[in-house]
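Visitor: What follows is the residue order along each chain.
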Amino acid sequence: MRKYLLLLVLFSVCHLTAYSQQKTVIGRDIGQLKDIKIGGRLTDQITGEALVGATVTVRELNKTEVTNTNGSFNLVLDRAEYVLEIRYVGYETIIYPFVAVGDGRITLTMIQEDFDLDDVVVFGSDPEKNIRSTEMGAVSINMNTLKELPPFLGEVDIIRSIATLPGVSQAGEASSGLNVRGGGADQNLILFAGAPVYNPSHLFGLFTAFNPDMVNEFTLYKAIIPTKFGGRGSSILDITPRSGSLDRWGGDFMVGTVSGKASLNGPIIKNHLSAKVGFRGSYINWLLNSLNNPDLRSSNANFNDMNGILYGEINENHNVTYSFYRSYDDFALASDTTISWTNMSHTLRYQGKFGERTNVDVIGFYTEYDFSIFNKSGINNFDLQSGIQDLGLRLNFTYNLGERNKISFGADSKKITIRPGDLIPLPSDGESSVLPQSVQNEFGRESGVYAQHELEFGEKFGISYGLRYDFYQYFGPRTVREYAPNLPISNGTVIGERTYGDGELIQSYDGLGPRASFRYSFDSKTSIKGGYNRMYQFIHLISNTATIAPTDVWKLSDQFFKPQIVDQLSLGVYKNFKGNIFETSVEVYYKDIQNVIDYKDGARLLLQNNLETEIIPGQGKAYGAEFYVKKNLGRTTGWASYTYSRTFRRVITPFEEEIVNDGEWYPANFDKPHDLTLIGNYKLATNASFSATFSYSTGRPVSFPEAKFDFAGNSLAYFPNRNLQRLPDFHRLDISFNFKLKGKGLFYQGDWTFAIMNVYGRKNPYSIFFADQPGSPPQPYRLAILGVPLPTLSYSVKF
Amino acid sequence: MLKRSLYILLLFTLSCIDPYKVEIPEGEQLLTVEGFITNEPGPHLIRLTRSDTYGSVFEGLIRPVTEAKVALRDSEGNVTFLSEEVERGSYFTPAGFQVQVGRSYILQIELQNGKTYSSLPEIANSVPQIDSLSYESVRTFTSDRLNDKVGTQIYAYFKDPSDQTNFYYWRSGPGDYVLVANPELYTLPPTHPTNPRGPAPKDCCDICFAKENSRIQSFAIAADESFNGLSQKIPVAYIQDDGLRFKRTYRTEILQMAVSREAYRFLRLVQQQINITGSVFDQPPANIRGNIIGLTDPDEVVLGYFIVASVSRMPLYIENSRLSESVTPRIIPDDCLTVPGTTLDPPSYWNPPRD
Numbered sequence: 001m002r003k004y005l006l007l008l009v010l011f012s013v014c015h016l017t018a019y020s021q022q023k024t025v026i027g028r029d030i031g032q033l034k035d036i037k038i039g040g041r042l043t044d045q046i047t048g049e050a051l052v053g054a055t056v057t058v059r060e061l062n063k064t065e066v067t068n069t070n071g072s073f074n075l076v077l078d079r080a081e082y083v084l085e086i087r088y089v090g091y092e093t094i095i096y097p098f099v100a101v102g103d104g105r106i107t108l109t110m111i112q113e114d115f116d117l118d119d120v121v122v123f124g125s126d127p128e129k130n131i132r133s134t135e136m137g138a139v140s141i142n143m144n145t146l147k148e149l150p151p152f153l154g155e156v157d158i159i160r161s162i163a164t165l166p167g168v169s170q171a172g173e174a175s176s177g178l179n180v181r182g183g184g185a186d187q188n189l190i191l192f193a194g195a196p197v198y199n200p201s202h203l204f205g206l207f208t209a210f211n212p213d214m215v216n217e218f219t220l221y222k223a224i225i226p227t228k229f230g231g232r233g234s235s236i237l238d239i240t241p242r243s244g245s246l247d248r249w250g251g252d253f254m255v256g257t258v259s260g261k262a263s264l265n266g267p268i269i270k271n272h273l274s275a276k277v278g279f280r281g282s283y284i285n286w287l288l289n290s291l292n293n294p295d296l297r298s299s300n301a302n303f304n305d306m307n308g309i310l311y312g313e314i315n316e317n318h319n320v321t322y323s324f325y326r327s328y329d330d331f332a333l334a335s336d337t338t339i340s341w342t343n344m345s346h347t348l349r350y351q352g353k354f355g356e357r358t359n360v361d362v363i364g365f366y367t368e369y370d371f372s373i374f375n376k377s378g379i380n381n382f383d384l385q386s387g388i389q390d391l392g393l394r395l396n397f398t399y400n401l402g403e404r405n406k407i408s409f410g411a412d413s414k415k416i417t418i419r420p421g422d423l424i425p426l427p428s429d430g431e432s433s434v435l436p437q438s439v440q441n442e443f444g445r446e447s448g449v450y451a452q453h454e455l456e457f458g459e460k461f462g463i464s465y466g467l468r469y470d471f472y473q474y475f476g477p478r479t480v481r482e483y484a485p486n487l488p489i490s491n492g493t494v495i496g497e498r499t500y501g502d503g504e505l506i507q508s509y510d511g512l513g514p515r516a517s518f519r520y521s522f523d524s525k526t527s528i529k530g531g532y533n534r535m536y537q538f539i540h541l542i543s544n545t546a547t548i549a550p551t552d553v554w555k556l557s558d559q560f561f562k563p564q565i566v567d568q569l570s571l572g573v574y575k576n577f578k579g580n581i582f583e584t585s586v587e588v589y590y591k592d593i594q595n596v597i598d599y600k601d602g603a604r605l606l607l608q609n610n611l612e613t614e615i616i617p618g619q620g621k622a623y624g625a626e627f628y629v630k631k632n633l634g635r636t637t638g639w640a641s642y643t644y645s646r647t648f649r650r651v652i653t654p655f656e657e658e659i660v661n662d663g664e665w666y667p668a669n670f671d672k673p674h675d676l677t678l679i680g681n682y683k684l685a686t687n688a689s690f691s692a693t694f695s696y697s698t699g700r701p702v703s704f705p706e707a708k709f710d711f712a713g714n715s716l717a718y719f720p721n722r723n724l725q726r727l728p729d730f731h732r733l734d735i736s737f738n739f740k741l742k743g744k745g746l747f748y749q750g751d752w753t754f755a756i757m758n759v760y761g762r763k764n765p766y767s768i769f770f771a772d773q774p775g776s777p778p779q780p781y782r783l784a785i786l787g788v789p790l791p792t793l794s795y796s797v798k799f
Numbered sequence: 001m002l003k004r005s006l007y008i009l010l011l012f013t014l015s016c017i018d019p020y021k022v023e024i025p026e027g028e029q030l031l032t033v034e035g036f037i038t039n040e041p042g043p044h045l046i047r048l049t050r051s052d053t054y055g056s057v058f059e060g061l062i063r064p065v066t067e068a069k070v071a072l073r074d075s076e077g078n079v080t081f082l083s084e085e086v087e088r089g090s091y092f093t094p095a096g097f098q099v100q101v102g103r104s105y106i107l108q109i110e111l112q113n114g115k116t117y118s119s120l121p122e123i124a125n126s127v128p129q130i131d132s133l134s135y136e137s138v139r140t141f142t143s144d145r146l147n148d149k150v151g152t153q154i155y156a157y158f159k160d161p162s163d164q165t166n167f168y169y170w171r172s173g174p175g176d177y178v179l180v181a182n183p184e185l186y187t188l189p190p191t192h193p194t195n196p197r198g199p200a201p202k203d204c205c206d207i208c209f210a211k212e213n214s215r216i217q218s219f220a221i222a223a224d225e226s227f228n229g230l231s232q233k234i235p236v237a238y239i240q241d242d243g244l245r246f247k248r249t250y251r252t253e254i255l256q257m258a259v260s261r262e263a264y265r266f267l268r269l270v271q272q273q274i275n276i277t278g279s280v281f282d283q284p285p286a287n288i289r290g291n292i293i294g295l296t297d298p299d300e301v302v303l304g305y306f307i308v309a310s311v312s313r314m315p316l317y318i319e320n321s322r323l324s325e326s327v328t329p330r331i332i333p334d335d336c337l338t339v340p341g342t343t344l345d346p347p348s349y350w351n352p353p354r355d
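Protein chains in written order, with UniProt numbering: chain Z, 1 to 799; chain D, 1 to 355.
Derived by calculation from the structure, the hints in this document are not laboratory data.
Heads up, the beta-carbon is just placed ideally off N, CA and C, and yes, glycines get one too.
Hints may be right or wrong, so weigh each one.
[Said to hold, decoys possible] Distance windows between CB atoms, simulated:
#1 571/Z to 299/D: 40 to 48 Å
#2 159/D to 426/Z: 17 to 25 Å
#3 713/Z to 23/D: 23 to 31 Å
#4 650/Z to 229/D: 43 to 51 Å
#5 322/D to 491/Z: 41 to 49 Å
#6 426/Z to 162/D: 17 to 25 Å
#7 229/D to 491/Z: 53 to 61 Å
#8 326/Z to 129/D: 23 to 31 Å
#9 498/Z to 229/D: 21 to 29 Å
#10 690/Z to 18/D: 27 to 35 Å
[To be verified] Here are a few chain Z residues that face chain D, going by a calculated C-beta distance under 8 Å:
#11 711
#12 722
#13 783
In isolation and in its complexed conformation, chain Z is listed as follows:
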């Protein structure tokens, strides 16, 4: 009886809303009955920014559209009365009843919700997207969602948030690289506004080098990667910047414990051209100087990043975006050596719509990554400079053959120039005592053509299949060594050299990468999906640390470094419960990686003209199962993800001296079988929330010595095998409390965030190492990067 009563109440409420609003009539009535085209655009009521990725549902037809990068959507309807339901994460839902009588436009504004207690939606997109889409292993996160997570050192962090998703992990507490489904840190292509970013970190991974305020949303593809992407083995992280308001000027600033930022955006030409600029900088030196670590106390660190975005709307069907991005870091190690790096990119993008069916997307980009080690110790001063430049173009066409039948095709090409290292002597005490050295530059071109077809057969069954052809060329000028056949490649087995001229082809590789996936829905709440994927990778990160380190070297494929080929099979079951409040999934995968690289003991990578002498060829495999439960709605939201995964490496060589672990499979540096993340967000009141993240994982593999021996009075450790032992398990709890100041109207909103990382102060070992130090006997030591609870406070204002 109670139930009925409740239903009745609900029903009447709906009724009330429906009748309380005036129905708008859209279009000029010329008696049109069918194919009425209605375009619309969604913007933020206060800032005027376009709302990208909001869902527009026509209730009567149960049909959902998602707004595009300029906040627009398109509907084709019959002449009738409709009710639109518009949802966007962090905003109040709009119910918009209207009557469609002819072609027309709807312009709607949405208001940001102030922690509305009952209707918090975590992921903005279509609530049933996970069930209905053929896409698999792709996760899109909107920045508004991210802001609900506990911040890291006062700020939300993109890379760190991605690492909470199933199948994604990081090597340790201060490492920037992501390991996606058993892939190395170099197997992820990180695109900012379409341009590749080589080092997405500030302070060696303590922060992500992207200002979250300048980002609209990001998507991580880890299973079935659309054919328009190629060039990396494991995943694509596609980050779209946020463009400014076409309507009015606004901005925000934030002051945190270690960094601060500000941004400004608004129309240059109202409704046609907008600009957005943002800057973020650190003032971390006081923190470093207050630390007990002796080397840090004498160190200095700086980082900053800036963005500029110009968005021009020619008309509703054509727009052009220019994006500039630059991040800078320097770190002075114990005062006399400074390491610095810069990422810089320019992107120009045109998006156009021709007729009702064709979409064109053109991206041109130039990106540069520069890295330098500058020594001014007074003895043998030098500057070691290296860098990478990418210049490329991407074309993509999408053609809608029908309602649920879409093809896309296109091509891309980029030229890569790597400057592996130039050592420039600097004057020391009088004359210079270092010789200039230069490692040969590398030139390559990566190209691809592709096509993809997405097709749905009714509600239940859908497929997506495509093919990408990757073509890679490696050019001169370059002098290449020849080695004696049937002998290990080393400095001792060189038999000759060959010099290639400017632009002369040295080596080329090509390959077909098929991608296919299917989806079968048992009902609107349950589906099963599966797919196969092949990726090629022609650039390698030559690093022998477990993370992305400043001393890493990027290397293009040549005759010694064959392209990495990654094959992945995945299968998943998806089910939503309680009216999409709970979203669950189970995914399993198996991955085979060819031509991975492992290192010879004590490999020397910097200023190395012949990297092939320092590496040993290998192969990899990875498999795992990922479990995911997410609560999307209500006072408590959040997710739990658990991954069981293994990732192995094996060295294949006919030469005894290069064999690692007797030629058996051994765990990769980042193999962590159990990985659990729990994230929860609880609304305490309309203007306050509490969130917590707990993570647990198996300790990563390490090598323990099998014996101790003496040399020159030092006790040394003997490590015959790699990665056979493990660090102790990792677990950590982070909490944050978010409080919003109300008042002074809508134009002033202060946001306080107080957070504590590592609440119970666990000393999670980053590493265990064996050392013989003066004053104590040779013994194992533990390094904990974050050994104590770390509180932070930040304050931000939007105007």
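Mind docking chain D on chain Z? Use the hints.
Guide: Chain D in isolation, oriented as in the chain Z frame:
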């Protein structure tokens, strides 16, 4: 220098390092060879030991390997036998034995159990002379703010020959120093029947000579890839100030040695391991392979390296008056001869420059 700066530890935020107990597999008892022969007159020392578990403080005792037959064979076919001396596991060449530059040498070992071993041939390369040495005080921060580490950095000056590839290995010889005590501050022991802790100044002695006996010997290495043919100033040794050593005069000797490319590689791996800090940028531990192979059982692993080198040696006297920094001096309120191992007379080679 380049490599050195890259090895410098890089830790951030509130990181901490502490001794940690882990389960270590029981260690293998592998034959370990350590030692080098040079172009200076002998005797030269080769030490044979067995490795053991690398565990906590009390685990793993490295034992000497005794009663082995050890011999050197050079490329001319000359054989020199080494004899085991009082210290077990230590084998010495005859006093007259000297390495000849240009020849290569093999170390041959036969153990009591009949197993035989040999080194790979090591060639003796010539070494440029040390032109001069200099030193300066350096202060390094430690985790204890009030007690920064202070020490003396020693630099070697030399001209690298341009017509050859050189691999350098520096070690410092045994140190001697003037031990300054304050016998006039002597007090009676607290157990004294009539005047416990009462002042009882002694007349002698305030100046003695002491010998260093620290276990860990530091070393430095360099390859001339980045400075072939140029004049160099390279930091070759560092001696920490313990409050006693640098109170007046400290004498050490710097040995500049030329070693083979393979020996350099071995030393580089050793140095890499010594400098490990557990940080994000450490290379994973490397398997340090030596140059000794088992002849009886080719699969047997032998640790350590047999180094052949030519040497340029130069003494250095470090005067307290020329050091810009020092730690709080340690006071010995007694006769300096009560410190074990001290003498009143300087060692025979004690000859500080007068200026």
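Visitor: Do the beta carbons of residue 571/Z and residue 299/D sit within 40 to 48 Å of each other?
Guide: holds, 45 Å
Visitor: For the range 27 to 35 Å, tell me whether the beta carbons of residue 690/Z and residue 18/D fit it or not.
Guide: Between residue 690/Z and residue 18/D, where Cβ atoms are some 33 Å apart, the hint holds.
Visitor: Between residue 650/Z and residue 229/D, does the C-beta distance stay in 43 to 51 Å?
Guide: Holds: the Cβ-Cβ distance is about 44 Å, inside 43 to 51 Å.
Visitor: Given the range 17 to 25 Å, decide if the beta-carbon distance of residue 159/D to residue 426/Z lies inside it.
Guide: Since residue 159/D and residue 426/Z have Cβ atoms about 21 Å apart, the given range 17 to 25 Å holds.
Visitor: May I ask you to test the hint 41 to 49 Å on the CB atoms belonging to residue 322/D and residue 491/Z?
Guide: holds, 44 Å
Visitor: Quick check on the hint: residue 711/Z CB to chain D CB, less than 8 Å?
Guide: holds, 6 Å
Visitor: 23 to 31 Å was suggested as the range; check whether the CB atoms of residue 326/Z and residue 129/D agree with it.
Guide: Since residue 326/Z and residue 129/D have Cβ atoms about 51 Å apart, the given range 23 to 31 Å is violated.
Visitor: Is it true that the C-beta distance of residue 426/Z to residue 162/D lies inside 17 to 25 Å, as the hint says?
Guide: Holds: the Cβ-Cβ distance is about 22 Å, inside 17 to 25 Å.
Visitor: Regarding the hint that residue 783/Z lies at the interface with chain D, is the smallest CB-CB distance below 8 Å?
Guide: This hint holds: residue 783/Z lies near chain D, its Cβ roughly 3 Å from the closest one there, short of 8 Å.
Visitor: May I ask you to test the interface hint for residue 722/Z with respect to chain D, counting a Cβ-Cβ separation under 8 Å as satisfied?
Guide: Because about 7 Å separates residue 722/Z from the closest Cβ in chain D, which is inside the 8 Å limit, the hint holds.
Visitor: With 21 to 29 Å as the target window, see if residue 498/Z and residue 229/D comply at their CB atoms.
Guide: holds, 28 Å
Visitor: Measuring from beta carbon to beta carbon, are residue 229/D and residue 491/Z in 53 to 61 Å?
Guide: violated, 20 Å
In the structure shown, a violation is registered for the earlier hints numbered 7 and 8, in ascending order.
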